[in-house]
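Participant: Sequence:
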Amino acid sequence: MDTRRLELLLALSRLGSMRAVAEAHHLTTSTVSQQIAALARETGAPLIEPEGRRVRLTPAGRRLADHAVTILAAVDAARLDLDPEAEPAGTVRIGGFATGIRVSLLPIVAELFTRYPDVDFVISEYEPIEAFALLTADDLDLALAYDYNLAPASPGAALEAMPLWSTGWGLGVPTEAAGDTTGIAAFADATWIVNSRNTADETAVRTLASLAGITPRIAHQIDSLDLVEDLIVAGFGVGLLPLDRPTGAGVTVLPLTDPEVILTAYAVTRRGRSDWPPLRAILDRMRTPAGELPRPRWPRPEAARPR
1 MDTRRLELLL ALSRLGSMRA VAEAHHLTTS TVSQQIAALA RETGAPLIEP EGRRVRLTPA
61 GRRLADHAVT ILAAVDAARL DLDPEAEPAG TVRIGGFATG IRVSLLPIVA ELFTRYPDVD
121 FVISEYEPIE AFALLTADDL DLALAYDYNL APASPGAALE AMPLWSTGWG LGVPTEAAGD
181 TTGIAAFADA TWIVNSRNTA DETAVRTLAS LAGITPRIAH QIDSLDLVED LIVAGFGVGL
241 LPLDRPTGAG VTVLPLTDPE VILTAYAVTR RGRSDWPPLR AILDRMRTPA GELPRPRWPR
301 PEAARPR
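Taking the working numbering, the leading residue of the sequence shown gets 1, the next gets one more, and so forth.
Derived from the structure by calculation, the hints contain no laboratory data.
Here are the simulated distance ranges between beta carbons:
no.: 1; residue 1: Glu-51; residue 2: Phe-121; range: 47 to 55 Å
no.: 2; residue 1: Asp-120; residue 2: Ala-290; range: 24 to 32 Å
no.: 3; residue 1: Asp-2; residue 2: Asp-223; range: 49 to 57 Å
Even for Gly, the Cβ is constructed at its ideal location relative to N, Cα and C.
Based on the provided sequences and hints, a complete structural model is requested.
Facilitator: Below, the structure is given as structure tokens:
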């Protein structure tokens, strides 16, 4: 059904005459009559009937006019939702790695709630590979993802990524084992801890080990950085950790050189979707000035966290 014709039918139900509808919509009475007749053919039901020198809606016409209220409201809502100049409104589905959510999303949520009260968030934790698949399937609107310089990610041609921040990573070891060591060769016999749902950690570890002439023994797969620390302190192994993130007691993060290990975080969207007003509002708030990417502001005190 042509929504313009539904508008005329609804106006007729409210104004009561073809002439009044024609005046309200700047049309001729003949045009209004023709459009109502065309709508009747589209629906397969008579919508108006004579009443003296005027017309009135049939029972089918009244029912369709009632439906028109809901249909036209939904169409208007869809137009507003798709209008890049409209006030942001709607539900944004966000998925990402835990640190990305903590560093890039949570600090701006309160401000976004205040400025855009009609925007809601659904937040889920995913590793980049999982998030890219969900974005491609249109089950997410925004992914917070990451890669390492030693293990670049490949989101795919259907997705576009905006860099958010970057930080150096080092080797997390028990403090008593750190000494003056600066390379991983000293830990050739150690057990390694890597991520459980993404291959980037393991790729970076194996690249570092290969350059150092050793073969890493990978045994533990852990996503939580806090839990990686706990395993290090408990003597279960060593693993990659951010250099400038405050750690708990008993963990030392050794810098790595030749090569350095750099993690970069990204906001990833489906190509062409970033102009959707609610998503654009979030991306604009996350966007960093052109030039060198900033370091993340870790959402934890500078002092070591209690264990």
